[in-house]
Every structure is written in C-alpha cells, then in structure tokens.
Amino acid sequence: MIDGFSFSREKVRPHTIRWICNQAWVLNCKVRATSEKMSGKLISVRGAHNHGVVSSRRKWGQCKFIKEQCERDSEQSVEPPRKGGRPKKQMEQWQL
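Everything in the sequence shown is counted per my numbering, starting at 63 for the first residue and increasing by one.
Wrong hints could be hidden among the right ones.
[As the list claims (entries may be wrong)] Simulated crosslink set (DSSO-like; lysine-lysine; CA at most 30 Å straight-line):
(1) K92 <-> K73
(2) K126 <-> K92
(3) K103 <-> K92
[To be verified] Distance ranges between label pairs, derived from CB positions:
(4) R80 <-> V115: 15 to 23 Å
(5) E130 <-> I64: 24 to 32 Å
(6) G66 <-> S101: 20 to 28 Å
FYI, nobody ran anything at the bench for these hints, they're computed from the structure. Glycine residues also receive a C-beta, built at the ideal position from the N, C-alpha and C atoms.
Please put together the full structure from these sequences, using the hints given.
Structure below.
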C-alpha cells in the first residue's frame, strides 16, 4: 500500500519490482510504482490516481456504475494545452 492505495506486482526484474494500481483494470488507472527488490524501498511513483482510495470490496453490479462515472468525469475534464508541435487541425465539413 502506498498512501492508502493498493498495488499489485506487475513485473519483477533483477534489482527492482514494478507495481501497478489495483484499479488499473477496472478504472483504467495509470499509476505505477517501482521499488528495490532486496530492501523493498520505494524508488518512484508515476502518474496520478483517477479514483479515491478503495478500502472495501465493491458490491455486485457497482463496477459498471463506477466505470460510467469515471468516463463522464474524464469527458468533462479540459484537455491541457499541447507543448510544441503543430496545432491540431480542425475537421472541415464538406458539402456536396
């Protein structure tokens, strides 16, 4: 557990272990963590959780509701400005 969030082991390497948020599959959470294999010391945490701390098991049928709520929240979020590169092209509407 890191800051109350649960993680599962994703990949074991010779010197490090990579961890993935337990909500990665259900809520598409992108947070990853890396720890030292021998000492267990946390090396880094990347990303931001898109959900609150899950402290208990979900009731049957709740998963669909939570996914829909997450999708609505992500659609309402404003896209940050792009850094560098060309601006996005606007779709032109062709009339016949």
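Quick rundown of the hints versus the structure:
1. K92 <-> K73: The hint holds at about 15 Å.
2. K126 <-> K92: holds, 19 Å
3. K103 <-> K92: Roughly 21 Å between the alpha carbons, so the hint for K103 and K92 holds.
4. R80 <-> V115: 15 to 23 Å: 21 Å Cβ-Cβ, so the 15 to 23 Å window holds.
5. E130 <-> I64: 24 to 32 Å: Holds, at about 27 Å.
6. G66 <-> S101: 20 to 28 Å: holds, 22 Å
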